[in-house]
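Asker: Top line first, the protein sequences correspond to chains A and B. Taking the UniProt record's numbering, the leading residue of the first sequence gets 1, the next gets one more, and so forth. Taking the UniProt record's numbering, the leading residue of the second sequence gets 1, the next gets one more, and so forth.
In case anyone wonders, no lab produced these hints; they're calculated from the structure. Please note: incorrect hints may appear among the correct ones.
[Said to hold, decoys possible] A partial selection of chain A residues facing chain B, derived with a Cβ cut-off under 8 angstroms:
(1) Trp34
(2) Gln35
(3) Pro40
(4) Leu281
(5) Arg285
[What the hints assert, rightly or not] Examples of chain B residues lying across from chain A (beta carbon under 8 angstroms, computed):
(6) Thr4
(7) Thr7
(8) Thr11
(9) Phe12
(10) Thr21
(11) Asn85
(12) Gly150
(13) Lys151
We treat Cβ as the ideally placed atom computed from N, Cα and C, and that holds for glycine.
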Amino acid sequence: MRQPPFLAIILTPLLILGLATLLTWVERRLLGLWQDRYGPNRVGPGGMLQAVADGIKMLFKQDWIPPFADKGVFVLAPAIGMMTVLLSFAVIPATSLRSIAGNLNVGLLFILAMMGLGVYAVVLAGWASNSKYALLGGMRAAAQMISYEVFMGLSLMGVVMITGSFSLYDIVAAQSGLWFIVPQCLGFIVFLLAGIAETHRLPFDLPEGENELGAGFHTEYSGMKFGMFFLAEYAGIVLVSALVTTLYLGGWLGPFLPAAVWFVLKTGTLVAFFILLRAALPRPRYDQLMTLGWKVLLPLSLLNIAATGTILMLRAPE
Amino acid sequence: MLDTMRTLFLTFLHAFRHRVTIQYPEEKPYLPPRYRGRIILSRDPDGEERCVSCNLCAVACPVDCISLQKAEVEGRWYPEYFRINFSRCIFCGFCEEACPTYAIQLTPDFEMGEYVRQTLVYEKEDLLISGTGKYPDYSFYRVAGVRIAGKDWGESEHERPPVDLRTLLP
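Here chain A stands alone, though its shape is the one from the complex:
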């Protein structure tokens, strides 16, 4: 494994930020597509520069910190959100050669740790804002993300057990015969749902719940700090999609096309699926969300672990 050039380390976060910006436009176009309208199609080719226009608008907005907010934490929270997501990308292998952190042998654990840290962004944002809606959003986010993190980790264990490694390279390499979505379909479903909840995307966007909480944890945020939460959310979508691709859909593996193309294709499809979820599904009630988590998904992921373990043990050479 050769060391990635310094330039790649600089370019990757920029690329991901650009991608997240573009994704705001992609999402609006796709939502339009599924709602029998066009979406933003005026600025630039196909409306592509709409994201740039929004970015410029956001940059020139007043960067307001409410006088009642806890200033230090208020500023820190969006930075944490952005940082954890960007750091997670370091271990995602887009092709067999390219990943910033190289073949990190605890890659998966690193990502789970970063996602765990990501909770701090929303909780601290909600807490530091010092306003009721933000606090309610932050509390919801804390409960939702922590509980979904439990079986997010558990649902991955099946993959790790089969591969026998936490390295994302090894996990992809182990899928050369059969993608893990087939033997680990239960884990795939649980992980996908947990991933949606983790990025607090619709239908699990209760921390933001516009109609009851204003904007949830980022109610008090404006300007570029809000933009950072926004971009972190979209980068989070890309991250979860890339993760699902790596863990269950065979990563860069695929016939005919180059490895990177396969990776982008699979990730892109999943991102589109995320947006389709937003277009189609209503938001559940908060207790329904928690019930689904603890009473359905947790037993399912435990069952998955038990079944995988049993099969592995029976197949193991004496």
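The hints should help you fit chain B onto chain A, whose structure is shown.
Answerer: Coordinates of chain B only, in the frame set by chain A:
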């Protein structure tokens, strides 16, 4: 779970549906003839102004955006000035309803955007059109029993000559 999958699939199918959006500047929407847009002042079939400056439109206007002044030439009343402030107008059409001579009419044109607010005040020259609008054959002075130059009492359409009140003969 199956319901959710069905919802997702049905929503996905919408990608192949007909778009409801009308791409406005390139593609104009259909506006019915009685659409209430820009206000005009029409002329009668003889090419004279229909407005008799009765002020009923100004009275009916709920936002007071119409202002006019009466003038008279040989028995014919006409507005000396007639002003509509379109930055106030709410396009309710009450002026059109109130008008006794079909002079003021609303048209299906709404593209009146301006950068300078003052230019939204339309004077009589801006409002007057050369045609008759929605009522091609109507002429107020032809049917009304008003004496004007070239038409005496009793010479209007469907009007009998005036009764001489000083005679007792049947």
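Asker: If you check each hint against the structure, which ones fail?
Answerer: Of the numbered hints, 3, 5, 11, 12, 13 do not hold.
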